[in-house]
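Student: Turn these sequences into a full structure, and let the hints guide you.
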Amino acid sequence: MTHEEFSELLHREEAKRDRMWDPVERWRMIQEMIDWADAQKPVPRNSKEGCLAAQRKWLEGMHKRGD
Amino acid sequence: MNQERIFECFNNHGVNYLLIGGMNMLLRHGGNLTFDVDLWIEDTEDNRLHCHQALVELDASWGKSDADWGPVAQKTPTWLKQQGVVCVLSPFGSIDIFRSVEGLSSWSECRRCAVEAKTSQGIAFLALSDEDMLKCQTALPENEQKQDRINFLRKLLSRP
Chain A
1 MTHEEFSELL HREEAKRDRM WDPVERWRMI QEMIDWADAQ KPVPRNSKEG
51 CLAAQRKWLE GMHKRGD
Chain B
1 MNQERIFECF NNHGVNYLLI GGMNMLLRHG GNLTFDVDLW IEDTEDNRLH
51 CHQALVELDA SWGKSDADWG PVAQKTPTWL KQQGVVCVLS PFGSIDIFRS
101 VEGLSSWSEC RRCAVEAKTS QGIAFLALSD EDMLKCQTAL PENEQKQDRI
151 NFLRKLLSRP
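In order, the protein sequences belong to chains A and B. Take the first sequence: its letters are residues 1 to 67, numbered as in my numbering. Take the second sequence: its letters are residues 1 to 160, numbered as in my numbering.
Quick caveat, the hints were computed from the structure, so don't treat them as lab data. Since the model is a prediction, treat every value here as computed from it, not as a measurement. Any given hint could turn out to be false.
[Claimed, not checked] Restricting the straight-line Cα-Cα distance to at most 30 angstroms, the calculated cross-link-like pairs of lysine-lysine (DSS-like) are: (1) B:LYS135 <-> B:LYS118; (2) B:LYS75 <-> A:LYS57; (3) B:LYS146 <-> B:LYS135; (4) A:LYS48 <-> B:LYS81; (5) B:LYS64 <-> B:LYS75; (6) B:LYS135 <-> B:LYS155; (7) A:LYS41 <-> B:LYS146; (8) B:LYS155 <-> A:LYS16; (9) A:LYS41 <-> B:LYS135; (10) B:LYS155 <-> A:LYS41; (11) B:LYS146 <-> B:LYS64; (12) A:LYS41 <-> B:LYS75; (13) A:LYS48 <-> B:LYS64; (14) B:LYS81 <-> B:LYS64; (15) A:LYS16 <-> B:LYS64; (16) B:LYS81 <-> B:LYS135; (17) A:LYS16 <-> B:LYS81; (18) B:LYS118 <-> B:LYS155; (19) B:LYS81 <-> A:LYS41; (20) B:LYS81 <-> B:LYS155; (21) A:LYS41 <-> A:LYS57; (22) B:LYS146 <-> B:LYS118.
Tutor: Next up, the structure:
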């Protein structure tokens, strides 16, 4: 199978799967995926430590701009 | 999406697989968010059968066409042999099963260099090495290469 043929097959497969996917189920999975990816980080964004770190970063930026 | 469940199921069924693609980058290097799990399986009859059984347990669905779409449990166990790649749906997330990967010659050779990793919940998975990730990216035509991934891997691999 040539690269072009394989690439076309892969695109066709992905498009077919997308057509078969229930939109509500798809949205649920995207949300779960975001939560899961966040939980893999050493300091998840959705944690007290994550919020404090993000806040620190924003505040530093503001100080630099003289806010 | 529940990658842990997918890895656990493939591990329990003794499937010889390697995690490739964006999920491999995301899990081991914190890359961009990705919405499917790409698995390269050893392309033997036995292993395809194990893979089929794992997909049945995951309640996966697939079809050669839209009209033919349905649970893989209702397909003959040789359905995975029909084409080089299949993109299936499962309640635990989308899974792409590759029987070969461009730029990489042998599954068993890549298995020897593979990385034994664990998710944050301690579920083991086998991942394609960074060297092989780079090889399969650079084997693609330039307009399909993920330049950010190539740059990242080159930088990582050039570190002493």
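Student: Would you mind marking each hint as holding or not holding in the structure?
Tutor: Quick rundown of the hints versus the structure:
{"no.": "1", "hint": "B:LYS135 <-> B:LYS118", "result": "23 angstroms, holds"}
{"no.": "2", "hint": "B:LYS75 <-> A:LYS57", "result": "53 angstroms, violated"}
{"no.": "3", "hint": "B:LYS146 <-> B:LYS135", "result": "12 angstroms, holds"}
{"no.": "4", "hint": "A:LYS48 <-> B:LYS81", "result": "49 angstroms, violated"}
{"no.": "5", "hint": "B:LYS64 <-> B:LYS75", "result": "11 angstroms, holds"}
{"no.": "6", "hint": "B:LYS135 <-> B:LYS155", "result": "14 angstroms, holds"}
{"no.": "7", "hint": "A:LYS41 <-> B:LYS146", "result": "23 angstroms, holds"}
{"no.": "8", "hint": "B:LYS155 <-> A:LYS16", "result": "36 angstroms, violated"}
{"no.": "9", "hint": "A:LYS41 <-> B:LYS135", "result": "27 angstroms, holds"}
{"no.": "10", "hint": "B:LYS155 <-> A:LYS41", "result": "21 angstroms, holds"}
{"no.": "11", "hint": "B:LYS146 <-> B:LYS64", "result": "29 angstroms, holds"}
{"no.": "12", "hint": "A:LYS41 <-> B:LYS75", "result": "39 angstroms, violated"}
{"no.": "13", "hint": "A:LYS48 <-> B:LYS64", "result": "47 angstroms, violated"}
{"no.": "14", "hint": "B:LYS81 <-> B:LYS64", "result": "12 angstroms, holds"}
{"no.": "15", "hint": "A:LYS16 <-> B:LYS64", "result": "9 angstroms, holds"}
{"no.": "16", "hint": "B:LYS81 <-> B:LYS135", "result": "25 angstroms, holds"}
{"no.": "17", "hint": "A:LYS16 <-> B:LYS81", "result": "18 angstroms, holds"}
{"no.": "18", "hint": "B:LYS118 <-> B:LYS155", "result": "23 angstroms, holds"}
{"no.": "19", "hint": "B:LYS81 <-> A:LYS41", "result": "37 angstroms, violated"}
{"no.": "20", "hint": "B:LYS81 <-> B:LYS155", "result": "38 angstroms, violated"}
{"no.": "21", "hint": "A:LYS41 <-> A:LYS57", "result": "17 angstroms, holds"}
{"no.": "22", "hint": "B:LYS146 <-> B:LYS118", "result": "25 angstroms, holds"}
Of the numbered hints given earlier, the model fails hints 2, 4, 8, 12, 13, 19, 20; all others are met.
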